[in-house]
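Student: Residue strings, one per chain:
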Amino acid sequence: MRTLRLLAFGWALHVKMLSRSAFNGALGVIWPLFFATTAFFMFRSGGGRDTLVYASLGASVMGIWSATSVAASSALQRERWQGTLELLVGTPVHFAVVLLPITIAMSTIGVYSLAATLLWGRYLFGIHLHFVHPWLFALAVPTAILSIGMLGFLLSVTVVRYRTAWALGNAIEYPVWLVCGFLVPLALLPSWVRPIAWILAPTWGIRGIREAALGGHALADTAICLGIGVGYAAAGVLLAETILRSARERASLSLT
Amino acid sequence: MKSLRLFFVGGLMSYRALFNWLSPWIFVPTFLVAPLFQILLFAYIGRAAGLESDRFYVIGNGLQYVSLPCVFAMGNAITGERWQQTLGAILATPARRLPLFLGRALPVIGNGVLVTAFALAAGSVLLGVHVPASAIPALALVIVVSAFACTGLGLAMGAVGLRVREVAVLSNIVFGVLLVFCGVNVPLSSLPGWMSTTAEGLPLTHGIAAARQVADGAGLRSVAGLLAGEAVVGIAYGVAGYWLLRYMEWQSRRLATLQTA
Amino acid sequence: MGVIEAVDLRRTYRTSTGILRRRRLEVEAVRGITFHVDEGELFGLLGPNGAGKTTTIKMLITLLIPTSGSARVLGHDVVKDAREVRKRIGYVFGGERGLYERLSALDNLRYFAELYSVPPREQKRRIAELVELVGLAGREKERVEGFSRGMKQRLHIARGLLHDPPVIFLDEPTIGLDPVGARELRATIASLAEQGKTVLLTTHYMFEADTLCNRIAVIAKGRIVGEGTPSDLKSFVAEQTVVEVEVFGAGESELERVRRLPGVATVNVDERESAQLVSVSSRAGLELTRDILACFAEVRVGKVATREPTLEDAYVALVSGDSDT
Numbered sequence: 001m002r003t004l005r006l007l008a009f010g011w012a013l014h015v016k017m018l019s020r021s022a023f024n025g026a027l028g029v030i031w032p033l034f035f036a037t038t039a040f041f042m043f044r045s046g047g048g049r050d051t052l053v054y055a056s057l058g059a060s061v062m063g064i065w066s067a068t069s070v071a072a073s074s075a076l077q078r079e080r081w082q083g084t085l086e087l088l089v090g091t092p093v094h095f096a097v098v099l100l101p102i103t104i105a106m107s108t109i110g111v112y113s114l115a116a117t118l119l120w121g122r123y124l125f126g127i128h129l130h131f132v133h134p135w136l137f138a139l140a141v142p143t144a145i146l147s148i149g150m151l152g153f154l155l156s157v158t159v160v161r162y163r164t165a166w167a168l169g170n171a172i173e174y175p176v177w178l179v180c181g182f183l184v185p186l187a188l189l190p191s192w193v194r195p196i197a198w199i200l201a202p203t204w205g206i207r208g209i210r211e212a213a214l215g216g217h218a219l220a221d222t223a224i225c226l227g228i229g230v231g232y233a234a235a236g237v238l239l240a241e242t243i244l245r246s247a248r249e250r251a252s253l254s255l256t
Numbered sequence: 001m002k003s004l005r006l007f008f009v010g011g012l013m014s015y016r017a018l019f020n021w022l023s024p025w026i027f028v029p030t031f032l033v034a035p036l037f038q039i040l041l042f043a044y045i046g047r048a049a050g051l052e053s054d055r056f057y058v059i060g061n062g063l064q065y066v067s068l069p070c071v072f073a074m075g076n077a078i079t080g081e082r083w084q085q086t087l088g089a090i091l092a093t094p095a096r097r098l099p100l101f102l103g104r105a106l107p108v109i110g111n112g113v114l115v116t117a118f119a120l121a122a123g124s125v126l127l128g129v130h131v132p133a134s135a136i137p138a139l140a141l142v143i144v145v146s147a148f149a150c151t152g153l154g155l156a157m158g159a160v161g162l163r164v165r166e167v168a169v170l171s172n173i174v175f176g177v178l179l180v181f182c183g184v185n186v187p188l189s190s191l192p193g194w195m196s197t198t199a200e201g202l203p204l205t206h207g208i209a210a211a212r213q214v215a216d217g218a219g220l221r222s223v224a225g226l227l228a229g230e231a232v233v234g235i236a237y238g239v240a241g242y243w244l245l246r247y248m249e250w251q252s253r254r255l256a257t258l259q260t261a
Numbered sequence: 001m002g003v004i005e006a007v008d009l010r011r012t013y014r015t016s017t018g019i020l021r022r023r024r025l026e027v028e029a030v031r032g033i034t035f036h037v038d039e040g041e042l043f044g045l046l047g048p049n050g051a052g053k054t055t056t057i058k059m060l061i062t063l064l065i066p067t068s069g070s071a072r073v074l075g076h077d078v079v080k081d082a083r084e085v086r087k088r089i090g091y092v093f094g095g096e097r098g099l100y101e102r103l104s105a106l107d108n109l110r111y112f113a114e115l116y117s118v119p120p121r122e123q124k125r126r127i128a129e130l131v132e133l134v135g136l137a138g139r140e141k142e143r144v145e146g147f148s149r150g151m152k153q154r155l156h157i158a159r160g161l162l163h164d165p166p167v168i169f170l171d172e173p174t175i176g177l178d179p180v181g182a183r184e185l186r187a188t189i190a191s192l193a194e195q196g197k198t199v200l201l202t203t204h205y206m207f208e209a210d211t212l213c214n215r216i217a218v219i220a221k222g223r224i225v226g227e228g229t230p231s232d233l234k235s236f237v238a239e240q241t242v243v244e245v246e247v248f249g250a251g252e253s254e255l256e257r258v259r260r261l262p263g264v265a266t267v268n269v270d271e272r273e274s275a276q277l278v279s280v281s282s283r284a285g286l287e288l289t290r291d292i293l294a295c296f297a298e299v300r301v302g303k304v305a306t307r308e309p310t311l312e313d314a315y316v317a318l319v320s321g322d323s324d325t
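Protein chains in written order, with my numbering: chain A, 1 to 256; chain B, 1 to 261; chain C, 1 to 325.
You may find that some hints are simply not true.
[To be verified] Straight-line C-alpha distance at most 25 Å; calculated SDA-like pairs for lysine to any residue:
#	chain 1	residue 1	chain 2	residue 2
1	C	Lys80	C	Glu101
2	C	Lys87	A	Ser191
3	C	Lys124	A	Arg245
[As the list claims (entries may be wrong)] To spell it out: a stretch of chain A is covered by chain B in this simulated footprint if at least three of its residues, at any positions, have a beta carbon under 8 Å from a beta carbon of chain B; those stretches are:
#	segment
4	91-105
5	158-166
6	184-193
Read the hints as simulated data drawn from the structure, not as lab findings. Glycine is no exception: its CB is placed at the ideal position from the N, C-alpha and C atoms.
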């Protein structure tokens, strides 16, 4: 119960903090829009009505991943620079309980981008969405955000020893957009790519969101998305223990 | 002669000083992996929408990525000085301004050419795009001119960056504008009129068009007009940036605003 | 049994430089430190920069694992029972970092109250008390980025006390504060001791240790070179007299001559704006003033005074003593 309260509180506080940054705020909304706009132009001249709707749903999730991949990969570095990493580690709670809400807050900020992209498509490209299962849609979006945040958590502890992790975070932005079928159906990709897509939670998150909007088995895909996300979190928890121990041995928690 | 030395040696030294963080750990993911995936992303969107050939996207995105090192690095080469609080020290020297700033541009252009050449080569191999060997020298020239034009824009951005705090945000937005407007993935003819008109005044628009023609087998002579257009755009931004810098230098001496701690 | 017990603590840092040809460097930051702090004591670790104070404190608060040796806080091992230790200690370091600048002081405190499992019902009262204690009442809803250095430092103290820990570690808490701010902070620290808390304080300000601490360990080059109450430490040099000479432009050769005078224990030079203040300690009863002045025959000499030794002299004697043997 206390852990749950701590997770919720940490999440709310970090969402508040991230919302106050111009960098995360404005650019986080604008950046995915450039890609969405390009894709909308492309699908409008080729493809057709259906592909445009398909693309707009996928594009709206792009910003959630962008917000997470860059920020989460450098999450620990940022805490270290602020001098808060030592204080967080020095608390009696499990470090995973501290870090997990931070990365979920990062993906949550992507909601602004999701809303902006859907509105952008609606008013500039005339993409009208009829939500077949509005309630499932309302469930699928937070699930996707949660799972992407958990992926961010795993990412943040995996790359902790990589000093320039932000560059890595930048570099995995496009590959995930491509491989998880944000804009392009998976069937179009080479067959060896598909297993990679299957173990990535965003793949299932987007499927769930699309099916909730357009009709289909949204609940199953959303459940798989959540399941994979929980798996990431579990792996991250285990990894975090090892990494913290090594950080205390190597004296890499602080800058001084 | 002295100017020439300032141009080469001064430029390279400052580039290395400001970019000592440009290690392989940053260079490979940012300048080699990312452009390749941008090419793949749009080539697959093109396939999904049943649009242009893969070559269209390889060339468009490969050339557009020249703007990342050029706009960012050139902007950084100017504003980075402010971060390290060396700008004041440099402006206090009697060194001539034009070779000083242009010298800064040379390694940036070199870096941009390298990045785009790799993206084009690797993208072509991955997607099985064929570019005739005879087109390569002309293509190389197009890349150099495009890199030059983007660096001109970078100089202007650097000058603006001396006054605006969030330069990184601004550079990202410039990158995005170039992506949407310059015919990278959407032919200018498919864009609304005001967008294609704006594109005429942006770097890369002419360069990308020239590169596509060259890859299709056109000779240098037939793209000379486009190349000249690209160069003129670059010069225009470069000159504007240079004058902006001079103006700010003068302003700062009057108002003490440049050397902000 | 002490509240804090350190036995032969050692800590070595390994660093490597270069990308291709990596050279490994080993730095011994702490070389076998043993001490204990009793309940309710205000214990000072005093030493120059780089002496190993911060490394020692970080081993005690579980952020660093000792290379060898052991330490216990309230009977819990700092390596094996890290969580039990963390529940019972507060940690505050000096400087402006370590706060979420974009959040209000209140949010910073609330967050750490959650992290330290302060029961929700008590949080409000506790935070209000602490905000009052550190003198931030009325400002707690403002964002930390607008705070002065002193305010940030006081917020740190409040954060360290949220869970009402019986043991508090303060790492150079007054560093960089203006004199008034530092004095206020020292008053707060003194009041903690009055409440019966056990406090371990590191500092390189002599007078701070002198006025605040019940007991002091002087640490230099990773070792403890002297330990005791401030008056114990002063008695280390009690048998001495200090001659202070203000000189202008004395060189190394003159100083060397002073050091060679028979009976001279230590010579400390404090560089002032234009002058140097040379403090020469010697055995009491020796009348060295004339000999010392003779050494400075070729430079201009200002004020000359003879005084009783202070804690600072004891400290200088301890730190400059040959602590490697």
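Student: Confirm or reject each hint.
Tutor: Status of each hint after checking the structure:
no.: 1; hint: Lys80(C) with Glu101(C); in the structure: violated, 34 Å
no.: 2; hint: Lys87(C) with Ser191(A); in the structure: violated, 52 Å
no.: 3; hint: Lys124(C) with Arg245(A); in the structure: violated, 34 Å
no.: 4; hint: 91-105; in the structure: violated (count 0)
no.: 5; hint: 158-166; in the structure: holds (count 3)
no.: 6; hint: 184-193; in the structure: holds (count 4)
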